[in-house]
Each structure stands twice: as C-alpha cells, then as structure tokens.
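In terms of the numbering used here, the sequence shown is residues 1 to 367.
Please note that a few of the clues may not be correct.
[To be verified] Dumping the calculated DSSO-like pairs for lysine-lysine here, alpha-carbon to alpha-carbon at most 30 Å: (1) K271 x K167; (2) K229 x K166; (3) K105 x K67.
Source of the hints: derived by calculation from the structure; they are not laboratory data.
Note that this is a predicted model, so its numbers are computed, not measured.
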Amino acid sequence: MEKIRTHISFTVTNDLSYDQRMMRICNTLVDAGYEVELIGRKRKNSTPLETKKYKQTWLNCWFSKGKMFYIEYNIRLFFYLLFSNTDVLSAIDLDTLLPNTIVSKIRSKNLAFDAHEYFTEVPEVYNRKLIRYIWSSIGNMCITHVDTAYTVGPELAEIFTQKYHKKFDVIRNVPLLEEIKQLVNKPQPPIIFYQGDINEGRGLEQIIRAMPSINAQLHIAGEGPLLSKLQQMAQSLNLTHKITFLGYVKPYNLPELLAQATVGLNILENKGLSYHYSLSNKFFAYIHAELPQVCAPFPEYLHINLTHEVAALCECSTTALIDTINDLLYDSSRYSKLQQNCRLAKQQYNWQAESQHLIQLYQNVIS
1 MEKIRTHISF TVTNDLSYDQ RMMRICNTLV DAGYEVELIG RKRKNSTPLE TKKYKQTWLN
61 CWFSKGKMFY IEYNIRLFFY LLFSNTDVLS AIDLDTLLPN TIVSKIRSKN LAFDAHEYFT
121 EVPEVYNRKL IRYIWSSIGN MCITHVDTAY TVGPELAEIF TQKYHKKFDV IRNVPLLEEI
181 KQLVNKPQPP IIFYQGDINE GRGLEQIIRA MPSINAQLHI AGEGPLLSKL QQMAQSLNLT
241 HKITFLGYVK PYNLPELLAQ ATVGLNILEN KGLSYHYSLS NKFFAYIHAE LPQVCAPFPE
301 YLHINLTHEV AALCECSTTA LIDTINDLLY DSSRYSKLQQ NCRLAKQQYN WQAESQHLIQ
361 LYQNVIS
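Use the sequences and the hints to build the structure in full.
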C-alpha cells in the first residue's frame, strides 16, 4: 500500500514564475518526500506556468494592487485554504500570514512562517503609518501561533526572535552549487548587470546617472513600479545606447546573462530596516556566477565580505558608484582576487548545505 505523503501548502502574493527562493524550497521538499503546493496570484501579464515537480495554483483577483488587492487576496486565500487538502500551512511574509493562521486554528493544522524580508520596514510600508500599524498588528497577533519560523539571514533572525519572542531559524537565499560556464572573452564594453525588482531604493536611478562616466553597458533584468520612470531617465539622458531593460527573466536564463557580465549590482539606499538587514538572492547569485559585485555596506553583506571578500562595498550615490565601478573595471588584480574569493565562498554558501536545514525544520514541525 502506497504511503500517504504529507502535504505542505506555501502561500505568496506574487507570481509563481520568478521566485527563485520558493522554487528551491518547493523542489527540495518534494525530493524529501512531501507533496507540495505553491499558491500565488495571477497577474494580467502572467506568462503560462511551466510544469514543476510541485503543484502550482493561481488565485484570480479583481484588484491588482493597493489595500483592496490585499483584502481581496487574503479573503480568497482563506477560503481556498479552508477547503484544501493540506497538512502544513506555510505563510510567506506577513501579507499571507493572517488567513494561514486562522485556517490553522480552525482545522488544527501545523503552521510555518517564512519571512523573506522585514515587511513592516520596506519603503512602501514604513512611511505609511496606518498601513504599517495594520501589518505590525497582524505580525504581533499571528506569529506567536506559528510552529516554526525562519528568515533569510542571522541579523533578521535575531531581531525577529527578540521582537516576537519566537525562535527564528535561518534559511539563506543561496543557489545550488553547480558547474558554471566561464566565457574566455567577455563582451566589450563590459556589462554591469542588475537582477531583481525595479523598486524604490535599489540604486537604479543613481546608476543610470552614473553611466555617462562609466565605459560600460548597463543591463537591468526585472520589472516593477519604477520601470517606466527609469526608461524615461535613460532616454532624457541620451543613454538608450548604453542601457538595456530586459524585463522579467526566467531563472534558468540568468546563468547565461551572468556569464556575459563583468560586474554585478546590489546597491540599496538605507530606507528602512528591511533594506538595512537584507541578504538578497542576487548577492549569492553573483557569487555563484563568480561575478565581482558592487554591494551596499549593510550588516549581512559586511559580515560575509569580511570572511570572503567578494564585493566592492559602495554607498548608494552617483559619485560613489562612478568611483567604485571604475576602480573595479580598471584594477585587474583586485578584480581577479574577488573572482577567486567567489569560488571559495560558494563552497560554503550553497543550497546543497542550506536545504538540509530546511528539511529538518519541516520534519520537526510534522513530528
């Protein structure tokens, strides 16, 4: 008789096709013997879902943004989870935690919480007192009921543990350790590469203003609220020949793009504690591509850079970016050193090691 597998439901508010952290988590738990479902929302411009090892479910919403979207999505998610065949509910960030918590109580199901960021400290929330109060209240009310909690880095784990009086473990946003293709001759002029959401505070306006003083191309992979503004900036500064907007890029296409790049970009303005304590996907993606990067001098990046100097740390200003990137492009000795350090760092920070801790966390929840 076939053994019935434990079913885990993960819930996000984003599209399902580009979230590399959730893809890794879901694939790992399927391989560990669990039945996994990833639930998200369908956007108007969502591309068809590709077949995965795990089940993918889109919830359709009338509203696409703002408070009405979050209200509608949480209501739809509540009723979906209430009647779903699941054993463990796993909420990703505060914006899906409330319906998961209520359903876990009604149905006596185990509840996990994955904090991808310091949600109440992101720029879009921090400066809006009422919105921040609502999300903070949801966190204070719900996190005490979770059976296991984890986040992306040690600094945030310590902050959340103290804030909510609930132990937070760490599951970092690290890629699988795989062989990479290194190009013998990279494109000229060099390519500065950014991947991620095009949101406020990501240093993208500053790097565009810096481009007239840097002999390189800038490739931006991603979409978000600032996209049209940045495209207009590039046009008004007569930089369309130096700046390419790639739009959303499927995760499996990123290695080829990273292989062509010379410098990775991971710059943040110090707008709220979420950015200050971030430890992003792109930081480790650049490391695994053996791509030296220009990086914000924030605590998690500083800590890793002290052990493995993989980045040139840089404040988020146009002048600092010009100086730092030009130094990196023209100092071949330092560039080679950072590349070598990337090769060493990825032996420590990789998903093969990190996934074992993830599996143990869910085994503990279910046992």
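Verification of the hints:
no.: 1; hint: K271 x K167; result: 26 Å, holds
no.: 2; hint: K229 x K166; result: 41 Å, violated
no.: 3; hint: K105 x K67; result: 25 Å, holds
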